Amino acid sequence: MNRRSVISTGATLLVASMALTACGTRGGDSGGSGDAGGSGDKVVKIGVISPLSGDLSALGLGIQHSVELAAKQANESGDLGDWKIEVAPEDDEGKPEVGKNAASKLASDKDVIGVVGTLNSSVAGPVQPILDKAKITMVSPANTNPTLTRGAKPVDAPARTYDNYFRTCTTDDVQGPFAARYLYEKAGIKELATVHDKKTYGQGLVDAFSAEYKKLGGKIVAAETINPDEDKFSAVVSSLKAKKPKAVYYGGEYPQAAPLSQQMKAGGLDVPLMGGDGIFSGEYIKLAGKGSAGDLATSVGAPTESLEAGKKFLDDYKAAGYSDPAEAYGAYAYDAATAIINAMKVSLKDAETVEDARQATIDAMKDVSFDGVTGKVAFDEYGDTKTRILTVYEVKGGAWKDVNTEEFK
Amino acid sequence: MELVAQQIVNGLTIGSLYALIAVGYTVVYGIIQLINFAHGEIFMIGAFGALSTSLILFPGQTALWTLPLILIGAVAAAVAVAVVMERIAYRPLRNAPRLAPLITAIGISVFLQELVRVGYNDPTLFISDANPFDFPSAKQKVVFPRVDGISGESFDLGGIILQRPAIFTVACLAISAIWLWYYINRTRSGRAMQAVSQDPDTARLMGINVDRIIVTAFAIGAALAAVAGVAYGLQTTNINFKMGFIYGLKAFTAAVLGGIGNIQGAVVGGLVLGILESIAIQYFPGGSPWKDIWAFSILILVLVFRPQGIMGAKVVDRA
Amino acid sequence: MSKLSHNPRLAGPLALAGSVLLIVSGLLSWSYEPILGDISVRFWPVTLQVYAIVMGVIALLLALVAAGPLGRWSQHIDPARGLRTMGVTAAIFAVTTLVAITHQTGGLINANEGVWIALVGGLLIAAAGYLRPETKVLDPAEIALPAWLEIIVIALLVGLGLYTAQYALKQTDPWVLVLLVGMLIGVTLTATRSNMASWVGGVTMRHQRVFLLATFVVVLAFPFTQGGSEANLNIAGNVLIFAATALGLNIVVGLAGLLDLGYIAFLGAGAYVGATMSYSAFATIGWKPPFLVVMLIGGLVSSILGLIIGSPTLRVSGDYLAIVTLAFGEIFRLAMFNLDGQSGPMITRGSNGINAIPDLNFFGFNFGQTHNILGIDIPRAGNYYFVLIALIVFVIIVFTHLNNSRIGRGWVAIREDERAAEAMGVNVFGLKILAFAGGASLAGMAGTVKAHMDQAVSPDSYIFLESAFLLAAVVLGGMGTVGGVLIGAAILKFLPEKLRFLDDYRLLMFGLVLVVMMRVRPEGLIASKRRQLEFHDDDEELAETVVIDELEAAK
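Protein chains in written order, with the numbering used here: chain E, 1 to 409; chain R, 1 to 319; chain A, 1 to 555.
Possibly wrong hints are sitting among the right ones.
[As the list claims (entries may be wrong)] To list a few chain R residues with every Cβ distance to chain A over 10 Å, as calculated:
(1) Ser-52
(2) Gly-60
(3) Gly-149
(4) Arg-191
(5) Phe-252
(6) Tyr-283
(7) Ile-310
[Claimed, not checked] Capping the alpha-carbon separation at 27 Å, the derived lysine-lysine pairs in DSS-like fashion look like this:
(8) Lys-45/E - Lys-136/A
(9) Lys-110/E - Lys-170/A
(10) Lys-290/E - Lys-242/R
(11) Lys-170/A - Lys-135/E
Derived from the structure by calculation, the hints contain no laboratory data.
All figures in this text were calculated on a predicted structure; none of them were measured in a lab.
Glycine is no exception: its CB is placed at the ideal position from the N, C-alpha and C atoms.
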């Protein structure tokens, strides 16, 4: 049996390869040679560290392609003179130790000036110091753990740990309190329940939300968690329903938030669900169905600019024909790449080699300020996004409609 | 009191899912003493089979008449995968040391999950971009088709909410259990199955085609898991590629709880586990974050102190 | 195979023709396009062409044994099995190359004559192997050459090993790497099947100290060959941590035969001990003992967990035990999420994990900095590499001593037949517990180093899939052997780094490889003979050698 199976495997492989490739053309100009023009250009690379395989790959690939889009547009605009941007994507599999490998690989590449990534806060931990040592700018589109920018005591004694680290997404301590104020002051909801998925983003959001909400005088009648690997939340819903909350604040992303909202309504708990930018996605409405009407989400930036620019981004992204959708963090990744590119416009002007320009790029990041596709992009002294304008959106008629835009103070 | 009743209803709903999947573990184990670790994936394949049927035959159609068709699609997909899996991966290893089939099962489990994840909207994998039926990408959650009459308004019985998909799930379990009982005890091949599970060698001597019985066992398990997949999709309105892992594990717990190898036991075990879980959220220390820890602790305790389960099964030495 | 009519007289010429074709193919053009390191040029062999020549030379050697000048070797070397393996490998190699050429250039038409000739050569060699009957041969391990010659052989072998490792690390083209690894596996299997490896084994056994020393020197020399670059050393560090954990698992699975599906939890427990007692600003335990103490505590905590999870083995075994351990692994992961100060006591910081763990510092030697030793820069990853080598040497010593002791024999007895072992007076329960606790403590110690090396610990690194990977390393390499597990660990941690082109298909391939492996070679790449027998219990010849070996070992 043993030998025969080896032979049959070989034969199958052979036949399969013949069948698949019976029609082929001689010559290699089937693709890839289009960007050969301008061989005299100097190359500068923007790395991407995100999960490109495994169950988070949808988000990771969205980040990669968004950065590619930003690089492509910058190359076409010619703003960088004879520098040509290439994107160097590296897979971190969503694991710290693989992310570390990816970071050292990029750090040893002399052409890398900046890195967009990571997706997971836990992967950012080992990546930060390696890139910092090599003076490579790192901009994360998705890390929400406040300690990454402000050190071990982000609230009481903030202290910047790594000068090269920036992020375009807001941290939990802006979005959470903003939502708390909206619910308590504007919507007049004095009693609610919180649910989160025990992940960095969700838990952080709910913690920040709860602190502010209690300070305002609101009452949290129930605090539950769900297992993000499951989709059956009826027991949690029933337990919430018994406490009669007027709303549910959810910390987490739309893949869980949508079924939760749907099951809340089906389980007789007909109150709005509110979440952060993790649920601000068209997919949410699609997954949650009709019952999602009245659900709320916060997102960064004012609606007009962010919606207009965001729509253009999505159109461009579609036109570029990437195989995977931009997903939740695509727009943030696009802005992160644009921020690096804007800094490069300053730092690469007089630089001979990329390595010379690395420190200058980090310095230039502090002065970067532009209108991105997620709103205004600029960084404060810790590397967090300076934008404090947030908008509350509500699901109306099967789409997100803005209901309130304010600056968070 | 109302709340307890509500949680018991919730528990019965989720427990029915566990029970439907657990039958698959128990039937196969009863015959060839194999923990088919990839059975959770069959549940997932069933759900995706249902989705594919709907997308191929009647995209966008939600009338009640689609329900039998998507059920057939789900069962067909799951049974096909299970039979191929048995033939290619398990049968050659039937006399190998126990480690080999278990590791094979882990391999199949990873393989099937990944196949659906990367291959669902890209059936030829990296060779071409063909996607004739416009399947969605399964890297994220996918919306499951609705069925009028099943996914609709809930019933309110004096404060206790009865969701329609939940009623459907329990009904599926009831029908399946009755059919299974009839099949095992009243049909020829069902009795042959009992004979094989008691003594395969003697059964073979009596002229029973043991291979066919084993395939039948896999097929029965797959069919019930596929029904569970549809029920799950209707309950949660969306499905994903990794739903098989956690539900497979819980269903296995249920099978052990009821006494593995014992079909009634699997059903009772599933319902008990479902109710325990729902009650645990409400009343156990720690609440929802610790729910799964309790579930797994129960699994360990049962395995250690009462390996024959609540219902008891034939005691076999699993060395 | 008995159905195939053997025709030994035809085998010799066929094998000769095939191997010559294979060698010649290396000198010809393989592809119209300059791909895969430019294999389009004639008489200038690179990458794949070189591999073809290597396989051709080995096949030629076997062919000469089968027919002609080297005929007298055939009492020690069985050319039939060797030719079969080499031929099949070469044929698969050629077919894979065809797929690669098609994938890279867009059509099979781009394949040139060389690859086709290689395919024909491989098929001829395989055919020759099947025409020739298998012969019973004497064990070549006994053939002794003069000592100095044997030591030179050892030096050459070890040097070749280092060169191959370097060469493999340098390859950037994924297809070339796949084919290289495939070729190496094929060559190794050929050497084992044809009994050539047995002679090498004999040589290394006779000069065990020299061999160990040479290996050790090469392993220590590795960081000096990297020119201060961290990339490969980081991978090497991951491989070593993974290997140390897998060796611990090997005690439980490979020696004692207890299946553990939650083993990653022990590594995780060690990592959390290392993190919470570090000088990180996020550490939750105020006590900061020196690292060696932390390492011991890590090992201790893991072994206590091992005791807890091992205690049910008194009552459950086999598949049930596998499920108990799986449940335990999940409980560990969920508990790490819950010990965040909200759902439970503040120990692990939940999903945020513990970040910014400082580098190790031994008596002022800071592991985070680049040190200049002998004029060569040893970067951060290099420093950790040395610590990990020390750890893994310790683990290997523990492992081999246990394996060759009364305890090890007790484990094997339990694995083979628990009741018989008990009847013979083996303390079954005690030994089982010892396997769990001992294996777990090795993993725990590796975990404490891992925490500092990765500088971050979070619960999502300790999922079930990681346990499956560990088990796969043990199974792929060969259960119960040290070398096998090291190779398995290296393959599983190194290949994904280099095979990024697989992207999203990586795990798909992993699942497939597990299934195929269990069917084709369930005992692993490097199997102990005893293990091999368990999977091929109809092979009487093998059974005989095992019995003889056991008797000799007992003397």
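Outcome of the hint check:
With a least beta-carbon separation of about 19 Å from chain A, Ser-52/R lies farther than 10 Å from that chain, consistent with its non-interface assignment. The claim that Gly-60/R is not at the interface with chain A holds, since no C-beta of that chain comes within 10 Å of its own (minimum 29 Å). Against chain A, the non-interface label of Gly-149/R holds: every CB pair exceeds 10 Å, the least being about 38 Å. Consistency note on Arg-191/R: stated as away from chain A, and its beta-carbon is indeed over 10 Å from all of that chain's, at 27 Å minimum.
Not every C-beta of chain A lies more than 10 Å from that of Phe-252/R, the closest at about 7 Å, which undercuts listing it as non-interface. At roughly 16 Å, the least C-beta separation between Tyr-283/R and chain A is larger than 10 Å, which holds for a residue marked as non-interface. Listed as a non-interface residue, Ile-310/R keeps its Cβ farther than 10 Å from every Cβ of chain A; the least gap is roughly 16 Å. Using a Cα cut-off of 27 Å, the hinted pair Lys-45/E and Lys-136/A is violated, with the two alpha carbons roughly 61 Å apart.
Between Lys-110/E and Lys-170/A, the direct Cα distance comes to roughly 18 Å. Compliance with the 27 Å bound is thereby established for this hinted pair. About 25 Å separates the Cα atoms of Lys-290/E and Lys-242/R, which keeps this hinted pair within 27 Å; it holds. Taking the CA atoms of Lys-170/A and Lys-135/E, the gap is about 26 Å. The hint holds against a cut of 27 Å.
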